[in-house]
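Q: Each chain, letter by letter, is given below.
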Amino acid sequence: MSSLNGKSFNPVMNRRSVIASAAGLGVAGILAGCSSEGGDSGSASANSNGGEFKIGAIGPKTGAAASYGLSVCNGVELGCKDFSNDTYNFVSKSEDDVADGEKSVTAFNTLADWGMQALVGPTTTGASVAVAEVAAQDPQIFMITPSASSTDVTKGKTNVFQVCFTDPNQGVNAAKFLAANYGDEKFVLFYNSGDSYSSGIADAFKEQAAESKLEIVDEETFKDDSQTSFTNQLTKAKEKGATMIFAPIYYTPASVLLKNASDMGYEVKMMGCDGMDGILGVEGFDTSLAEGLLLMTPFSADDESNADFVKAYKDAYGKTPDQFAADAYDGVHAVAEALKEAGLPADVDPTEASSKLAEAMTKITVKGLTGTLTWNDKGEVQKDPTAYVIKDGKYVQA
Amino acid sequence: MTVFIQYLVNGLSMGSVYAIIALGYTMVYGIAKMLNFAHGDVIMVGAYVSFCATSYLGLPGWLSVVLSVVVCTVLGVLVEGLAYRPLRAAGPLAVLITAIGVSYFLQNAAQLLWGATPKNFTSLVRFPVPPFLAQFNVSAVSLVTILACILIMVVLMWFTSKSKMGKAMRACSEDKAAAQLMGINVNRTISMTFAIGSALAAIAGVLLCSYSPVLQPTTGAMPGIKAFTAAVFGGIGSIPGAFVGGVLLGIIEAMAQAYISTSLANSIVFAVLIVVLLVKPAGLLGKYVPEKV
Amino acid sequence: MNFLKNKQTRSDFITYGLVIVAFLVVFFMQANHMIPRMFAGQLVPITAYIVMAISLNLVVGVAGDLSLGHAGFMSIGAYTGIVTAVSMQAAGAPQTLALVVSIVVGAVFAAIAGFIIGIPVLRLRGDYLAIVTLAFGEIIKEVVTCLIVGVDAHGLHVVFNLRGNATVNDLHLMDNGIAIIKGAQGASGVSTYSTFVAGFVLIMIALVVVLNLVRSRTGRAIEAVRDNRIAAESVGISVTKYRMIAFVVSAALAGAAGALFGGNFSQLSATKFDFNTSILILVFVVLGGLGNMRGSVIAAAVLTILPEALREFSDYRMLVYAIVLILVMICTNSPQIQGFIARFKPKKKGEAEANV
Numbered sequence: 078m079s080s081l082n083g084k085s086f087n088p089v090m091n092r093r094s095v096i097a098s099a100a101g102l103g104v105a106g107i108l109a110g111c112s113s114e115g116g117d118s119g120s121a122s123a124n125s126n127g128g129e130f131k132i133g134a135i136g137p138k139t140g141a142a143a144s145y146g147l148s149v150c151n152g153v154e155l156g157c158k159d160f161s162n163d164t165y166n167f168v169s170k171s172e173d174d175v176a177d178g179e180k181s182v183t184a185f186n187t188l189a190d191w192g193m194q195a196l197v198g199p200t201t202t203g204a205s206v207a208v209a210e211v212a213a214q215d216p217q218i219f220m221i222t223p224s225a226s227s228t229d230v231t232k233g234k235t236n237v238f239q240v241c242f243t244d245p246n247q248g249v250n251a252a253k254f255l256a257a258n259y260g261d262e263k264f265v266l267f268y269n270s271g272d273s274y275s276s277g278i279a280d281a282f283k284e285q286a287a288e289s290k291l292e293i294v295d296e297e298t299f300k301d302d303s304q305t306s307f308t309n310q311l312t313k314a315k316e317k318g319a320t321m322i323f324a325p326i327y328y329t330p331a332s333v334l335l336k337n338a339s340d341m342g343y344e345v346k347m348m349g350c351d352g353m354d355g356i357l358g359v360e361g362f363d364t365s366l367a368e369g370l371l372l373m374t375p376f377s378a379d380d381e382s383n384a385d386f387v388k389a390y391k392d393a394y395g396k397t398p399d400q401f402a403a404d405a406y407d408g409v410h411a412v413a414e415a416l417k418e419a420g421l422p423a424d425v426d427p428t429e430a431s432s433k434l435a436e437a438m439t440k441i442t443v444k445g446l447t448g449t450l451t452w453n454d455k456g457e458v459q460k461d462p463t464a465y466v467i468k469d470g471k472y473v474q475a
Numbered sequence: 015m016t017v018f019i020q021y022l023v024n025g026l027s028m029g030s031v032y033a034i035i036a037l038g039y040t041m042v043y044g045i046a047k048m049l050n051f052a053h054g055d056v057i058m059v060g061a062y063v064s065f066c067a068t069s070y071l072g073l074p075g076w077l078s079v080v081l082s083v084v085v086c087t088v089l090g091v092l093v094e095g096l097a098y099r100p101l102r103a104a105g106p107l108a109v110l111i112t113a114i115g116v117s118y119f120l121q122n123a124a125q126l127l128w129g130a131t132p133k134n135f136t137s138l139v140r141f142p143v144p145p146f147l148a149q150f151n152v153s154a155v156s157l158v159t160i161l162a163c164i165l166i167m168v169v170l171m172w173f174t175s176k177s178k179m180g181k182a183m184r185a186c187s188e189d190k191a192a193a194q195l196m197g198i199n200v201n202r203t204i205s206m207t208f209a210i211g212s213a214l215a216a217i218a219g220v221l222l223c224s225y226s227p228v229l230q231p232t233t234g235a236m237p238g239i240k241a242f243t244a245a246v247f248g249g250i251g252s253i254p255g256a257f258v259g260g261v262l263l264g265i266i267e268a269m270a271q272a273y274i275s276t277s278l279a280n281s282i283v284f285a286v287l288i289v290v291l292l293v294k295p296a297g298l299l300g301k302y303v304p305e306k307v
Numbered sequence: 002m003n004f005l006k007n008k009q010t011r012s013d014f015i016t017y018g019l020v021i022v023a024f025l026v027v028f029f030m031q032a033n034h035m036i037p038r039m040f041a042g043q044l045v046p047i048t049a050y051i052v053m054a055i056s057l058n059l060v061v062g063v064a065g066d067l068s069l070g071h072a073g074f075m076s077i078g079a080y081t082g083i084v085t086a087v088s089m090q091a092a093g094a095p096q097t098l099a100l101v102v103s104i105v106v107g108a109v110f111a112a113i114a115g116f117i118i119g120i121p122v123l124r125l126r127g128d129y130l131a132i133v134t135l136a137f138g139e140i141i142k143e144v145v146t147c148l149i150v151g152v153d154a155h156g157l158h159v160v161f162n163l164r165g166n167a168t169v170n171d172l173h174l175m176d177n178g179i180a181i182i183k184g185a186q187g188a189s190g191v192s193t194y195s196t197f198v199a200g201f202v203l204i205m206i207a208l209v210v211v212l213n214l215v216r217s218r219t220g221r222a223i224e225a226v227r228d229n230r231i232a233a234e235s236v237g238i239s240v241t242k243y244r245m246i247a248f249v250v251s252a253a254l255a256g257a258a259g260a261l262f263g264g265n266f267s268q269l270s271a272t273k274f275d276f277n278t279s280i281l282i283l284v285f286v287v288l289g290g291l292g293n294m295r296g297s298v299i300a301a302a303v304l305t306i307l308p309e310a311l312r313e314f315s316d317y318r319m320l321v322y323a324i325v326l327i328l329v330m331i332c333t334n335s336p337q338i339q340g341f342i343a344r345f346k347p348k349k350k351g352e353a354e355a356n357v
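For the protein sequence lines, the chains are X, V and P, in the order given. If you count by my numbering, then the first sequence holds residues 78 to 475, one letter each, in order. If you count by my numbering, then the second sequence holds residues 15 to 307, one letter each, in order. If you count by my numbering, then the third sequence holds residues 2 to 357, one letter each, in order.
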């Protein structure tokens with residue numbers, strides 16, 4: 078049987094196809110080979126005579142969460158350029174972690190081999206918890222995560238800090254804001270049950286909502302692998318009479334949610350958290366769908382005071398920065414300030430830098446893109462969230 | 015009752031998308047006897063081509079669909095010729111791993127070409143839905159998807175049973191060696207199957223993204239796996255089976271989300287699949303072939 | 002050294018020797034800080050993947066059943082292992098003991114799951130078996146996402162979060178209680194306890210178990226079932242029993258590997274053990290050679306390091322990986338290319354018969 082099959086093929090034809098396939102794959106290989114001008118291997122910054130200080134960045138640059146990681150890496154790169162001065166010449170290098178804890182630890186170790194003196198990253202919560210554990214172990218490396226919001230990231234570690242709000246902080250603030258301004262609405266809580274950021278905020282929101290007497294009529298969840306359509310969840314929420322959605326989710330699923338609601342003709346108000354920032358920048362997104370969307374975020378690209386950063390970012394990367402980029406930029410800013418406060422030389426040993434920077438962090442005040450930032454000894458940031466509403470495709474303070 | 019019908023409609027429209035993808039899966043499996051895990055990624059390519067054609071080149075919607083069908087057909091035939099044909103005589107595992115390699119390749123190539131940042135696909139299907147349907151949440155996309163799915167199934171059934179090429183396909187599916195002895199060009203027939211499967215994937219990609227607008231390199235992966243499940247559910251290799259499997263899978267998923275648990279919806283779908291396979295080992299409409307000694 | 006005259010035994014001992022030498026070299030280099038951190042940090046995951054590859058090879062290579070949900074057993078082992086280790090550490094047990102017990106518990110629970118899942122799965126064959134194992138893998142992943150587990154002085158507290166609205170607070174832990182698994186967030190903020198030495202010991206155990214099983218009467222029965230089920234049945238071999246033995250042993254080893262893997266990361270969510278991880282391990286097995294345990298060990302080690310070593314290529318590395326994967330499959334399996342290579346090689350005796 079098998080011999081018959083094997084011999085029944087026309088040998089000439091097949092040899093040709095083999096050569097064709099080799100040629101095709103070869104071309105692909107060449108395409109893959111002539112490439113790497115990517116600005117990610119130790120891009121030095123201009124106009125600085127200072128000694129090199131190496132800052133690492135980690136985030137998903139491939140896979141489903143890539144847009145968030147790319148923003149963080151860009152923010153760090155831009156920050157390193159802008160904050161370099163005569164004492165410190167900040168050099169950055171970014172590594173991909175596909176939003177996975179295991180890969181993130183490897184990325185961290187790769188950066189440590191490169192000689193990283195401080196880490197601004199990782200981007201996602203799960204990866205950050207895994208990396209924080211390694212960064213806090215001997216030999217320590219200072220870590221400040223731009224966007225990982227779980228309290229598990231900083232808990233029990235002296236050298237790990239956050240630029241973004243913690244999950245409980247966001248959930249509580251959002252519930253208070255809604256209770257003050259939208260107390261009469263019937264809420265549906267909509268979140269990604271497979272994501273620690275989203276479910277972390279949802280949990281905190283639920284507790285505060287009970288205290289603030291918000292009426293939550295329904296809770297709906299989804300997961301990363303079922304975010305193609307939310308019509309079923311919306312049908313259920315509509316049936317239960319919900320008039321407002323609180324959705325602590327990232328902007329990618331949020332764009333699906335808004336589209337589904339509009340397709341169904343379900344007129345509902347919606348509020349999101351900082352992960353929703355960036356929705357207006359999604360290519361091809363019909364921004365009229367986001368009209369009236371509330372979101373609580375520390376950063377607005379439409380704010381006058383951020384105009385320089387927004388312009389520089391647009392020039393360098395061709396898109397409007399979101400809060401991931403802004404938080405990463407502020408992370409570099411914080412490292413720069415803390416270095417100055419601690420009076421460390423640029424060639425300081427990473428382990429020594431770790432403890433000195435951690436001490437300095439609680440003393441500094443950073444006037445950054447995302448507000449005025451100070452840190453407590455747990456590594457959590459203190460800054461004011463601002464609620465914005467989207468009007469005519471722009472953020473307006475609510 | 016209205017709410018129940020709404021869930022049913024949601025399930026039916028998602029199920030029709032699964033069914034179109036599953037039809038492609040089942041055609042390829044039926045004839046080439048291989049699990050083409052890269053099928054889901056061809057869907058993604060189809061959607062990207064259509065997106066680029068409308069947003070960058072400003073082509074009308076129907077033309078972008080034609081373009082994406084052409085691109086995917088060529089892609090499918092190329093992939094088959096370059097990656098799968100040299101393995102025609104190899105074991106099923108080698109082919110499976112190659113298919114996975116092709117899937118990685120397409121996803122990463124798409125990421126390099128179009129970037130990792132998600133794009134928002136603007137629905138190509140827009141027309142007012144008659145009010146008696148609109149009250150049940152039937153959107154224009156759902157209507158088109160369901161109709162397209164039925165049309166494709168009927169055409170495919172006619173094609174495989176009546177046309178000369180279709181008969182050649184069935185012959186190859188039964189016994190490749192015997193088919194070759196009868197003067198059928200097996201390689202060309204299999205290429206043709208991949209062409210049809212990939213063309214269907216392009217249509218599915220456009221419809222999927224019209225329904226669920228986020229377009230990124232991993233868009234095709236999960237619908238691909240679900241459609242594969244649907245194809246097995248209905249009996250892999252059977253055209254009406256893929257249709258029934260896809261539609262049922264969509265409905266079960268919608269009902270599970272609505273009445274049991276959104277977090278366990280996928281599990282329930284898979285549990286139903288397992289039960290069906292235990293009762294009918296070849297799927298709902300599959301042909302059970304007893305082993306010959 | 003008489004027993005080494007047997008070709009198979011000799012081959013097995015070469016495998017053991019290879020693993021021991023590799024371990025000693027790496028261990029020595031690590032002790033002297035001669036290897037970069039990037040590689041040192043991957044040692045435990047590599048050992049876990051090697052055990053996974055050996056365990057999957059038993060099902061796919063030796064028993065001939067294509068399983069696409071093997072990461073599910075790894076997941077069960079990882080979570081039961083983490084719960085065990087954290088509870089024991091909370092009760093004051095030393096770390097090494099906690100690690101050993103957690104690996105054993107992980108293996109036992111995964112074996113039980115393997116048996117329960119095996120009952121329906123092993124009624125099927127071929128592609129249908131593949132899809133059902135895939136389905137079970139996905140089910141395990143979703144069920145784990147619904148689990149909330151904590152421990153305090155009263156013992157373990159478990160909540161199954163079916164409607165998706167339970168939180169850690171529903172565990173009603175006492176003040177000094179520890180939440181171990183927090184639903185979707187997974188096991189988060191747990192201190193790590195796995196070591197490279199434990200990984201090495203586990204590889205050796207896995208190799209000894211699998212190689213001895215394969216060379217035993219049971220192993221020959223399993224291979225007979227793989228090669229010709231009907232013929233095996235006709236000579237009185239119980240098909241289900243032997244396939245089940247392979248499946249359960251394999252699940253137990255995967256569970257042990259999972260417990261080891263779980264103990265190496267302070268954060269672990271259920272989505273880590275998805276379809277892609279199952280496929281990754283299958284790639285190790287196929288590239289290493291079906292039924293070839295030494296091949297699995299090497300393939301798992303090389304293919305875990307390769308993508309990380311290719312980091313220089315940044316965005317292109319997965320593309321390169323994909324191309325390498327396709328080329329290797331075509332080159333090793335295409336009769337045309339093999340014939341092409343054979344033409345340049347001096348002909349060996351007996352090769353012609355082997356190439357049927």
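Heads up, some of the hints might be wrong.
Here are the simulated DSSO-like cross-link-like pairs (lysine-lysine), alpha carbons at most 30 Å apart as the crow flies [claimed, not checked]: (1) P/Lys242 x V/Lys301; (2) P/Lys242 x V/Lys294; (3) X/Lys253 x X/Lys158; (4) V/Lys176 x V/Lys47; (5) V/Lys47 x P/Lys6.
Hint data in this document are derived by calculation from the structure and do not stem from the laboratory.
Q: Taking the earlier hints as the rules, which of them does this structure contradict?
A: 3 and 5
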